[in-house]
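K.L.:
Sequence:
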Amino acid sequence: MKFILGKKIGMTRRFQEDGTVVPVTLVKAGPCTVTQVKTSKNDGYQAIQIGFEKKSKLLKPLQGHLKNLDNPRYLREFRTNNSNQFKRGDQINISIFKEGDVVQVSGVSKGKGFQGVVKRHGFHGSPASHGHKDQLRMPGSIGSSFPEHVRKGKRMAGRMGGLKSTVKNLQIVEVDKKNGQLAIKGAVPGARNQLVLILGEGEDSAAIQENNQVDVSKKGSEKKEEKPNQNSIKEDKKTEEKNK
Numbered sequence: 001m002k003f004i005l006g007k008k009i010g011m012t013r014r015f016q017e018d019g020t021v022v023p024v025t026l027v028k029a030g031p032c033t034v035t036q037v038k039t040s041k042n043d044g045y046q047a048i049q050i051g052f053e054k055k056s057k058l059l060k061p062l063q064g065h066l067k068n069l070d071n072p073r074y075l076r077e078f079r080t081n082n083s084n085q086f087k088r089g090d091q092i093n094i095s096i097f098k099e100g101d102v103v104q105v106s107g108v109s110k111g112k113g114f115q116g117v118v119k120r121h122g123f124h125g126s127p128a129s130h131g132h133k134d135q136l137r138m139p140g141s142i143g144s145s146f147p148e149h150v151r152k153g154k155r156m157a158g159r160m161g162g163l164k165s166t167v168k169n170l171q172i173v174e175v176d177k178k179n180g181q182l183a184i185k186g187a188v189p190g191a192r193n194q195l196v197l198i199l200g201e202g203e204d205s206a207a208i209q210e211n212n213q214v215d216v217s218k219k220g221s222e223k224k225e226e227k228p229n230q231n232s233i234k235e236d237k238k239t240e241e242k243n244k
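For the sequence shown, counting from 1, position 169 maps to 169 in UniProt numbering; every step adds exactly one.
Just so you know, not all the hints are guaranteed correct.
Only pairs whose alpha carbons sit at most 35 Å apart, straight line, appear in this in silico DSBU-like list of lysine-lysine [stated by the list, open to error]: (1) K38 - K133; (2) K41 - K60; (3) K110 - K54; (4) K110 - K168; (5) K7 - K28; (6) K133 - K55; (7) K7 - K98; (8) K164 - K154; (9) K154 - K67; (10) K110 - K41; (11) K87 - K2; (12) K87 - K154; (13) K7 - K168; (14) K2 - K178; (15) K28 - K152; (16) K119 - K87; (17) K41 - K133; (18) K154 - K168; (19) K28 - K164; (20) K67 - K152; (21) K67 - K55; (22) K54 - K87; (23) K152 - K110; (24) K41 - K168; (25) K110 - K28; (26) K112 - K67; (27) K60 - K98; (28) K152 - K55; (29) K2 - K98; (30) K164 - K177; (31) K38 - K177; (32) K57 - K38; (33) K87 - K98; (34) K177 - K55; (35) K87 - K28; (36) K152 - K177; (37) K60 - K38; (38) K133 - K154; (39) K38 - K67.
In short, the hints are calculated from the structure, not lab data.
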C-alpha cells in the first residue's frame, strides 16, 4: 500500500513530449517516520501511524509515545492489510511512487467564511428588471404555505469551505527525488503550505472489500434449514393414490 504525508507548495505546469501543457500541483512529500504499527491482535485492526516534519517541543504523553524518534509535527494513521511489513522507525519517502501512478489526495479546503447562496451554491439570483429591487443575489422563496416550515437540507447562505475534501483519480506526472517533490496532475484541495494525505488509489477500497468478504462469510456459515415444498408433497400423494 502506498501512502505518504506532504505539504502543498502551489501550482505550475509541465510540458509533455507531444507538446501539450499539463497543469500540476507541486507537493513536498516526506520523508515520513513510522511511529506506531497497529495489529489486529493488539488493537483489533491493522494500521500504520506515520509522522511528518519536525517540532521543537512535545507534550509529555507524546514524548513517551515517540521515544527515541524525531519530534513529528503531524501524526496520521493509514489502514493497511500488511502492517507486518513495517516496523517502528522505518522511513517512507517518495521513492515508493513512480510516474503514471494514480492517487487520491485529501486535505482541508480553503475557508471562505460566511457566503451567500450565489457563491456557495451557484444560484443565479433574481432578474434585474420587472419590478425587482435589491434582489439580485437573494435566494428567493425558501418554502411554501404548506407545510409552513423550511424543509431540512434547504440550500441557504452559511459557512463555506474549511472542510475535509478528497480528490480521486489524480495522476503523478513527475517524481523529483532530489527535492522530494511530487508533481500531481490537476488541483489539490487546500491552501499553500497545508498538510495533504496522498494514498495509492484503489488500495483502501480493496482492503474494505476484503474485510466485507470476511464478515459475509461468517454470516453465511449459519445455514437455515430448508422447509419442504408443500406443492411437491401434494403431487407425491396424488401419484401414490393413482398407483393404488
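K.L.:
Now look at each hint and say whether the structure bears it out.
P.N.:
Checked hints:
| no. | hint | in the structure |
| --- | --- | --- |
| 1 | K38 - K133 | 62 Å, violated |
| 2 | K41 - K60 | 27 Å, holds |
| 3 | K110 - K54 | 24 Å, holds |
| 4 | K110 - K168 | 18 Å, holds |
| 5 | K7 - K28 | 5 Å, holds |
| 6 | K133 - K55 | 55 Å, violated |
| 7 | K7 - K98 | 18 Å, holds |
| 8 | K164 - K154 | 22 Å, holds |
| 9 | K154 - K67 | 50 Å, violated |
| 10 | K110 - K41 | 40 Å, violated |
| 11 | K87 - K2 | 16 Å, holds |
| 12 | K87 - K154 | 49 Å, violated |
| 13 | K7 - K168 | 17 Å, holds |
| 14 | K2 - K178 | 20 Å, holds |
| 15 | K28 - K152 | 42 Å, violated |
| 16 | K119 - K87 | 48 Å, violated |
| 17 | K41 - K133 | 67 Å, violated |
| 18 | K154 - K168 | 28 Å, holds |
| 19 | K28 - K164 | 19 Å, holds |
| 20 | K67 - K152 | 49 Å, violated |
| 21 | K67 - K55 | 14 Å, holds |
| 22 | K54 - K87 | 20 Å, holds |
| 23 | K152 - K110 | 26 Å, holds |
| 24 | K41 - K168 | 32 Å, holds |
| 25 | K110 - K28 | 19 Å, holds |
| 26 | K112 - K67 | 39 Å, violated |
| 27 | K60 - K98 | 39 Å, violated |
| 28 | K152 - K55 | 44 Å, violated |
| 29 | K2 - K98 | 11 Å, holds |
| 30 | K164 - K177 | 28 Å, holds |
| 31 | K38 - K177 | 29 Å, holds |
| 32 | K57 - K38 | 25 Å, holds |
| 33 | K87 - K98 | 23 Å, holds |
| 34 | K177 - K55 | 24 Å, holds |
| 35 | K87 - K28 | 24 Å, holds |
| 36 | K152 - K177 | 50 Å, violated |
| 37 | K60 - K38 | 21 Å, holds |
| 38 | K133 - K154 | 24 Å, holds |
| 39 | K38 - K67 | 17 Å, holds |
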